[in-house]
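Enquirer: Here is what each chain is made of, one letter per residue.
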Amino acid sequence: MSGALATLAMALPTADDVVAPGSGSFDVLIPLPVIVPLVAAALSIVAAGHRPTQRVIGLGALLTVVVGNIVLLARVDDAPDGIAASQGGGWKAPLGISLVVDRFAAIMLVVSSLMLISVLVYAIGQQAEERRFAAFHPVYLVLAAGVSASFVTGDLFNLFVAFEMMLVASYVLLTLGGRAGQVRSGMSYVVISLIASTFFITALALIYSATGTVNMAELSERIPELPSGVRTGFSLLLIVVFGIKAGLFPLFFWLPDSYPTAPNAVTAIFAGLLTKVGVYAIIRTQLLLFPDDARQGTLLLIIAGLTMVTGVLGALANDDLQRILSFHIISHIGYMIFGLALFTLAGIAGAIFYVVHHIIVKTALFLVAGLIERKAGSDRLSRIGGMVRSAPMIAVLFAFPALSIAGLPPFSGFVAKFALVDAGVLVEQWPIVAVSLVVSLLTMYVMGRIWSNVFWGTCEDEAVAERLAPGRTSVPLLMTGATVAVVVASLAMMVFAGPMYDLAERAAADLLVPQIYVRHVLGASS
Amino acid sequence: MSVLLAFAAAALFGTGTFLLLQRRLSRIIIGIGLIGHGSNILLLTSGSGRGLPPIIGSADPTDFADPLPQALALTSIVITFGVTAFLFALGYRSWKITHDDVVEDDVEDRYIARRVDQLVDEGEAAARLNELAEDPE
Numbered sequence: 001m002s003g004a005l006a007t008l009a010m011a012l013p014t015a016d017d018v019v020a021p022g023s024g025s026f027d028v029l030i031p032l033p034v035i036v037p038l039v040a041a042a043l044s045i046v047a048a049g050h051r052p053t054q055r056v057i058g059l060g061a062l063l064t065v066v067v068g069n070i071v072l073l074a075r076v077d078d079a080p081d082g083i084a085a086s087q088g089g090g091w092k093a094p095l096g097i098s099l100v101v102d103r104f105a106a107i108m109l110v111v112s113s114l115m116l117i118s119v120l121v122y123a124i125g126q127q128a129e130e131r132r133f134a135a136f137h138p139v140y141l142v143l144a145a146g147v148s149a150s151f152v153t154g155d156l157f158n159l160f161v162a163f164e165m166m167l168v169a170s171y172v173l174l175t176l177g178g179r180a181g182q183v184r185s186g187m188s189y190v191v192i193s194l195i196a197s198t199f200f201i202t203a204l205a206l207i208y209s210a211t212g213t214v215n216m217a218e219l220s221e222r223i224p225e226l227p228s229g230v231r232t233g234f235s236l237l238l239i240v241v242f243g244i245k246a247g248l249f250p251l252f253f254w255l256p257d258s259y260p261t262a263p264n265a266v267t268a269i270f271a272g273l274l275t276k277v278g279v280y281a282i283i284r285t286q287l288l289l290f291p292d293d294a295r296q297g298t299l300l301l302i303i304a305g306l307t308m309v310t311g312v313l314g315a316l317a318n319d320d321l322q323r324i325l326s327f328h329i330i331s332h333i334g335y336m337i338f339g340l341a342l343f344t345l346a347g348i349a350g351a352i353f354y355v356v357h358h359i360i361v362k363t364a365l366f367l368v369a370g371l372i373e374r375k376a377g378s379d380r381l382s383r384i385g386g387m388v389r390s391a392p393m394i395a396v397l398f399a400f401p402a403l404s405i406a407g408l409p410p411f412s413g414f415v416a417k418f419a420l421v422d423a424g425v426l427v428e429q430w431p432i433v434a435v436s437l438v439v440s441l442l443t444m445y446v447m448g449r450i451w452s453n454v455f456w457g458t459c460e461d462e463a464v465a466e467r468l469a470p471g472r473t474s475v476p477l478l479m480t481g482a483t484v485a486v487v488v489a490s491l492a493m494m495v496f497a498g499p500m501y502d503l504a505e506r507a508a509a510d511l512l513v514p515q516i517y518v519r520h521v522l523g524a525s526s
Numbered sequence: 001m002s003v004l005l006a007f008a009a010a011a012l013f014g015t016g017t018f019l020l021l022q023r024r025l026s027r028i029i030i031g032i033g034l035i036g037h038g039s040n041i042l043l044l045t046s047g048s049g050r051g052l053p054p055i056i057g058s059a060d061p062t063d064f065a066d067p068l069p070q071a072l073a074l075t076s077i078v079i080t081f082g083v084t085a086f087l088f089a090l091g092y093r094s095w096k097i098t099h100d101d102v103v104e105d106d107v108e109d110r111y112i113a114r115r116v117d118q119l120v121d122e123g124e125a126a127a128r129l130n131e132l133a134e135d136p137e
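Quick mapping for you: the protein sequence lines, in order, are chains A and B. Mapping of the first sequence onto the numbering used here: residues 1 to 526, in sequence order. Mapping of the second sequence onto the numbering used here: residues 1 to 137, in sequence order.
Worth flagging that the hints you see were computed from the coordinates, not collected in a lab. Errors might be hidden in some of the hints.
Looking from chain B toward chain A, a few residues come up when the C-beta cut is under 7 Å (computed) [said to hold, decoys possible]:
#, residue
1, I30
2, I32
3, L34
4, I35
5, G36
6, H37
7, S76
8, I77
9, F86
10, L87
11, L90
12, S94
Quick list of simulated restraints, FRET-style, between CB atoms [unchecked claim]:
#, chain 1, residue 1, chain 2, residue 2, range
13, A, D422, B, L4, 54 to 60 Å
14, A, F418, B, F81, 45 to 51 Å
15, A, T53, B, R27, 41 to 47 Å
16, A, V427, B, E122, 44 to 50 Å
17, B, R27, A, V438, 42 to 48 Å
18, B, L5, A, R179, 42 to 48 Å
19, B, A126, A, D292, 55 to 61 Å
20, A, R132, B, T15, 38 to 44 Å
21, A, T53, B, D100, 39 to 45 Å
22, A, E460, B, F81, 51 to 57 Å
So these bits of chain A aren't anywhere near chain B, every CB distance computed over 12 Å [as the list claims (entries may be wrong)]:
#, residue
23, L32
24, I70
25, L288
26, A317
27, A395
28, P409
29, W430
30, P431
31, V438
Just so it is clear, the structure is predicted and the values come from calculations on it, not from any experiment. All C-beta atoms in this analysis are idealised placements derived from N, C-alpha and C, irrespective of residue type, glycine included.
Let's have the full structure, built from the sequences with the hints guiding it.
Expert: Structure follows, in structure tokens:
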């Protein structure tokens, strides 16, 4: 505690602590993905009565963010350190609001903003929740801001605020409509998330009292000075906090229960982004804050294996398309944690590549599931059949991401899994390599099961068969268009797998040397 | 003072956890509220304790109270407040739909559980048939 006071006395502002506003070319682009959606959300509330205006605001804001993020990624990748920092509020770090974008954060920003805009187009095409509720657009934009803020923040407390922004928006989106099932699963989702948030606050309180700071760069310098038991405790506490959000074993149970009840488009964005924000936070905090001896390599490997297995078994046991895919998210979170848990360059590069691959492919699968449900009027495997004849377009759109997620060459899933397995073999972690390969086979089986039930065979359910008859139901063009865009993005990732993997490797190399991050944020003062 | 606050936080966490484990929504919400208070107290005590108001120029900086935990606690109180209000709205909605505030089971889980029961029943029935077939009386 006296440490905290000393920091305070030291940290009292003097004239040279104030940063001249607008210095540096990155200043505008870094806070952009947070500020633009928030301002747009406010405008969207004003335009609540007029849906076309809301659509223009939402799409315009997200388009701006996409362009800004791509420019930011290009610039960060070109910068000598591969990192850009900005101090909000005009105070130098650690007093100001540190916003930091390194290669990893920039990659995540680009991918997430691309998914956000595609899903928004899909939601508009769906003519469902988006049309019925004036709250959809503002809340969706707040979600976008929250996701971006979790990527750019350089401060542990602001990470909490960003998470809350994202979660509060997700509570509303999940329960939009207020049907009985939504209220029930929404309740457990909110309660679980709140418990995780309280843990987060508790962890923050403990970390602050031990180190006297919540700035991540400063924490990176001070945590290694703590006794090793305390460090390990903090490391575990943060894994639990983010593990709940990421859906790690055994903290995943809320996920397959709550995601499927949300509107289709919303489930797609939740599946694609929310869990991955948790994974991002685990990767960021483990690598930046903790020195080698406080990292939980073995524990994380065991958790990764169990997460993979339980997820895929859950996917096998279910009959409802949305639930199968939801369980399946959990299984794949295991792969990302597997990559991290090796704590090697190849492992982390593989994990980053896997995260990007999974965001795109999983979003695509959920969007296709939405198309199937729209076309067939049901998402139960036992009721649907023969869609390869009645809806060949949907079949093609399903086939690409399904083969990719199962890890078949030449799709991006193969590259991602190959990178991870290769990294595992390099450090001779045979058990986890074996588990990941078996789970990969089971994934193939899960996708095959969906394929043979939904697309092959005949439809025995009369109501569904009638809907599937030629010319009976049509899927809105915008929905198909958005899905095509996401599927094309996943194919692009296959074509550009080489450069993408190189980028992931550069990002991983930065992550393994936290000193670069620290030096860049704290500047000359440290 | 700090010890007292630590006990207060512990008591709040304890009662909150107990309430969370109940099946009534209203109790769960109150439990969440209590745990939230507990963590906020923890946040407050993470600072340096008592001190003078931290206004530059009013006193010697070393006598100041640490303002950061207070700012953090304030932020977290606001967030908890908002989310609790949302939870109450959700609870009210649930009460309007079901006229009860007991948290229900997951429909799909029950569906899977029923399937297992069914398989067990079928297994037993098959075993019984086999027994009958072997035993012609």
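Enquirer: Classify the label on V438/A as holds or violated, using whether its beta-carbon is more than 12 Å from each beta-carbon of chain B.
Expert: Check passes; 23 Å lies beyond 12 Å.
Enquirer: Does I35/B hold up as a contact with chain A if the rule is Cβ-Cβ below 7 Å?
Expert: holds, 5 Å
Enquirer: Can you verify the interface hint for L90/B: is its Cβ closer than 7 Å to any Cβ in chain A?
Expert: holds, 6 Å
Enquirer: Honestly, do L5/B and R179/A meet the 42 to 48 Å range at C-beta?
Expert: Taking Cβ atoms as reference, L5/B and R179/A lie about 43 Å apart, which means the hint holds.
Enquirer: With respect to the beta-carbon atoms only, verify the hint that V427/A and E122/B lie 44 to 50 Å apart.
Expert: holds, 48 Å
Enquirer: Double-check G36/B for me: the hint is only fine if its C-beta lies closer than 7 Å to a C-beta in chain A.
Expert: holds, 6 Å
Enquirer: Answer holds if the nearest beta-carbon of chain A is closer than 7 Å to that of F86/B; otherwise answer violated.
Expert: holds, 6 Å
Enquirer: Would you check whether I30/B satisfies its interface hint, that is, whether its CB is within less than 7 Å of any CB in chain A?
Expert: Not OK, violated: I30/B not within 7 Å of chain A, min 12 Å.
Enquirer: Looking only at beta-carbon atoms, does the pair R132/A, T15/B fall within the given range of 38 to 44 Å?
Expert: holds, 41 Å
Enquirer: Find the nearest Cβ of chain B to the Cβ of P431/A and say whether that gap is larger than 12 Å.
Expert: Correct as stated: the minimum Cβ-Cβ distance to chain B is 29 Å, above 12 Å.
Enquirer: How about S76/B: closest beta carbon in chain A under 7 Å, or not?
Expert: holds, 5 Å
Enquirer: Is W430/A truly not at the interface, in the sense that its beta carbon sits beyond 12 Å from all beta carbons of chain B?
Expert: holds, 33 Å
The structure fails hints 1, 3, 6, 8 and 26 (numbered hints given earlier, in ascending order).
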